[in-house]
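So the chains spell out like this:
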Amino acid sequence: MSERYSIRMERLTKYYNGFLALSDFSLDVEKNRTIALLGPNGAGKTTLMKILCGLIMPTSGRATICGFDVVSERESAVSSVGAIINNPEFYPYLTPDEMLRYLGRLRGMDEKRTGGRIDQVLSMVGLEGWKNVRTEKFSMGMKQRLALAQALLHDPKVLILDEPSLGLDPRGMMEFRQIIKKLKGKKTVFLATHLISEVVQVCELVAIIDRGKLKAFDSIGGLKRRYRTLERAYLKLTEAIL
Amino acid sequence: MSETKNLKTVVRYELLKQVRRRRFYGALGITLFAILLTMGLYQGLNLPERMGLPAQLLERYDAEIFAMFVTSLSSLAVLGAVFFAGDSIASEFEQRTGYILFPNPVRRSTIVMGKYLACLIATAAIIAAAYLTSAIGLALFYGRIPSGIVGSMAIALILGAMVISLAFLFSSLLKGSVGSTIGTLLTYMVVFATISTFLSYAGYDPWFMPDRAADAMSATYGISLEEMMSGTYGGGRWVSGLLRASQDPVLSFFVLAAYACVFLVLSVVITNRREMV
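Chains as they are written, first to last, in the working numbering: chain A, 1 to 242; chain B, 1 to 277.
No lab work stands behind these hints, which were simulated from the structure alone. There's no promise every hint is true.
[Stated by the list, open to error] From the derived model, a few chain B residues whose C-beta atoms are all more than 10 Å from chain A: (1) L41; (2) F141; (3) L174; (4) S200; (5) F208; (6) V277.
[As the list claims (entries may be wrong)] Stretch-level coverage of chain A by chain B, calculated; a stretch enters the list once three of its residues show a Cβ under 8 Å from a Cβ in chain B: (7) 12-23; (8) 46-54; (9) 182-193; (10) 206-213.
[Said to hold, decoys possible] Okay, derived cross-link-like pairs now, EDC-like style, lysine to aspartate or glutamate, Cα gap no bigger than 16 Å in a straight line: (11) B/K8 to A/D28; (12) B/K5 to A/E136; (13) B/K17 to A/E111; (14) B/K17 to A/E136; (15) B/K175 to A/E231; (16) B/K5 to A/E75.
Ideal placement from N, C-alpha and C gives every residue a C-beta, glycine not left out.
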C-alpha cells in the first residue's frame with residue numbers, strides 16, 4: 001500500500017483555539033500524480049499543507065509521506081518533500097547561492113552536488129543572474145521563484161506547493177506551469193490553489209475543499225462530466241451562489 | 001545526515017548572519033569605546049587618589065583596582081548579546097523565514113542550539129576584544145596583567161551565555177523580535193535587580209540572583225571591597241552596589257550556568273512545541 005501512495009491523510013482534524021480549520025479530512029495521493037487542492041480562501045488548504053510539512057500538529061488524525069508519519073517521524077517524512085508554504089521569506093543577508101547551499105546541507109546534499117544543482121535550479125526559475133545578490137533586494141515575484149528553486153533543490157519525490165504562483169508576473173506563472181508540467185509522471189505534486197485555470201493546465205486530479213472538509217476528489221474530466229465545467233463544480237461544491 | 005553535521009551547518013550560517021548585521025559592529029564599537037573612555041578618565045582624573053582609596057591598598061593592588069573598573073564594562077558586551085539573540089527564534093515566525101527553515105529534515109532543537117551557539121560565539125568575540133583591550137591597557141599603565149582578569153572573563157562569558165538563554169526564552173515565547181528584546185532587557189535589568197534589592201533590604205543575601213552573580217565579574221581580583229571602600233566617600237556600607245563585588249566568583253559562575261541551562265532547555269521545549277501558524 002505504501003508503495004502506491006506518496007501522501008496519505010487519514011481523518012485529519014485541526015482546531016485553532018476552538019476554530020475548526022480542518023474537519024475529518026481523508027485523502028490518498030498516488031505516487032507521481034499531480035493533484036490540485038482547490039478551495040476558496042480560508043477553506044483549510046494551507047492548514048493541510050502545514051500539517052504535511054510538520055509545521056503544525058493535527059488535533060487528531062494521521063498523515064504520512066512516503067510511509068513516514070509527519071508527526072512521529074517528521075524528519076524522515078519531510079526529507080522526501082520540497083515545499084513552498086504561505087509565501088515564504090528568505091534571510092535578507094544571504095544570497096540565493098548561500099541560501100540554497102544552507103538548505104542543501106540541511107537536506108544532506110554534499111558540497112559538490114549542491115553547487116551544480118544550484119546553477120540548475122536557479123536557471124530553471126530564471127534567477128541565474130541573481131545568484132550572488134542578497135535577497136533583501138528581491139521583489140515578491142523573485143522570492144517566489146527562489147522558493148520554487150529551493151523546493152526543487154534536493155530533487156524531492158514529493159512537492160507540496162501552497163499558492164506557488166502568488167506574486168508571479170504572467171511570464172513567471174507560465175514558466176512555473178511549464179516546470180510543473182515537466183515533472184508530470186516523475187514526482188508527486190500536491191498543489192494548493194484557488195486558480196481554476198492553473199488547475200486545468202497542470203493537474204490531473206482535483207480535490208475540492210471547503211470549510212475544512214473534502215467535498216470532491218476526481219479527475220478534471222470526471223468533475224466536468226458531473227458538473228459540466230470545473231468552475232461550476234467549484235462553485236457548486238463550495239456552496240457559492242450560482 | 002547526523003544532527004552534529006546539521007548543528008555545524010546552522011552555526012555556520014547563523015554566524016554569517018551575525019557578522020553581516022550592523023548590530024554586531026555597533027556592540028563591538030560601543031564596548032571598546034566605553035573601555036577606552038574609562039581608561040582615559042581613570043588615568044586622566046587620577047581617580048583612585050580622588051576617591052581617597054587607602055594608600056596601602058593602592059600600593060598592593062594598583063593594577064587590580066584599575067582592572068576592576070575597566071573589565072566591569074565588559075557587561076556592555078553582554079547587553080549586546082540581547083540584541084543578537086532577541087530575534088533569533090521570534091523572527092523565524094514573524095518574518096516567515098521559518099517556512100523555509102523548518103520543513104527540513106533537521107530537529108528544531110538542533111536549529112535552536114545552532115542559533116544559540118552562533119549568538120554565543122558572536123558575544124564571546126566582543127567580550128574577548130573587550131578583555132584584550134583591557135589587558136593591553138593594564139600592560140601599558142602598570143606593566144603587568146593581574147591573573148584575576150581570566151576569572152573575570154570567565155564570569156563575563158557565562159553571563160553572556162545566561163543572557164542569551166534568557167533572550168532565547170523570550171524569543172521562543174513571543175511573536176515579535178522587539179517584544180522579546182525588550183522583555184529580556186527588562187527582566188535582566190529591572191526585574192532581577194528589583195528582586196535582589198528587596199531581598200537585600202530584607203536582610204537576605206541574594207547570591208542566587210543572576211544580576212548579583214554577574215557582579216562577581218569584579219570580584220576575581222582578590223580585593224576586599226569593604227576594605228577598598230572604607231576610606232572613600234565617607235566609607236561604610238552605603239556603597240551597597242559596589243559591595244556586591246564581594247560575591248564569590250566560583251559560586252556565581254555556577255549560579256549563572258544553572259540559569260543559562262534552565263532558560264535554554266525551556267526555550268528548546270517551547271520552540272519544539274510552537275506551531276508555525
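- When you check the alpha-carbon spacing of B/K5 and A/E75, does it fall within 16 Å? Roughly 15 Å between the alpha carbons, so the hint for B/K5 and A/E75 holds.
- 8 Å C-beta criterion, at least three residues: is the segment 12-23 of chain A covered by chain B: violated (count 1)
- Does the claim that B/L41 lies outside the interface with chain A hold up, using a Cβ gap greater than 10 Å? Label holds. Min Cβ-Cβ 37 Å, cutoff 10 Å.
- Query: Taking 8 Å as the C-beta cutoff, is the stated coverage of the segment 206-213 of chain A by chain B satisfied by three or more residues?
  - Reply: Coverage by chain B is violated here, the residue count being 0 at a Cβ distance below 8 Å.
- Take a quick look at whether B/K17 and A/E136 sit within 16 Å of each other, Cα to Cα. 13 Å, holds
- Message: Please verify whether B/K175 and A/E231 have alpha carbons no more than 16 Å apart.
- Response: Since the Cα atoms of B/K175 and A/E231 sit roughly 39 Å apart, the hinted pair is violated (cutoff 16 Å).
- Task: Take the C-alpha atoms of B/K8 and A/D28, compute the straight-line distance between them, and say whether it is at most 16 Å.
- Result: 37 Å, violated
- Task: Could you check that no beta carbon of chain A comes within 10 Å of the beta carbon of B/L174?
- Result: Answer for B/L174: holds, closest chain A Cβ roughly 17 Å.
- Given hint A/E111 paired with B/K17 - CA-CA distance at most 16 Å: The hint is violated at about 20 Å.
- Query: Within the segment 182-193 of chain A, is the number of residues with a Cβ closer than 8 Å to a Cβ of chain B three or more?
  - Reply: violated (count 0)
- Item | Consistency of the no-contact label for B/V277, given chain A and a CB cut of 10 Å | 6 Å, violated
- Can we confirm that no CB of chain A comes within 10 Å of the CB of B/F141? 40 Å, holds
In terms of the numbered hints stated before, the structure departs from hints 6, 7, 9, 10, 11, 12, 13, 15, listed from lowest to highest.
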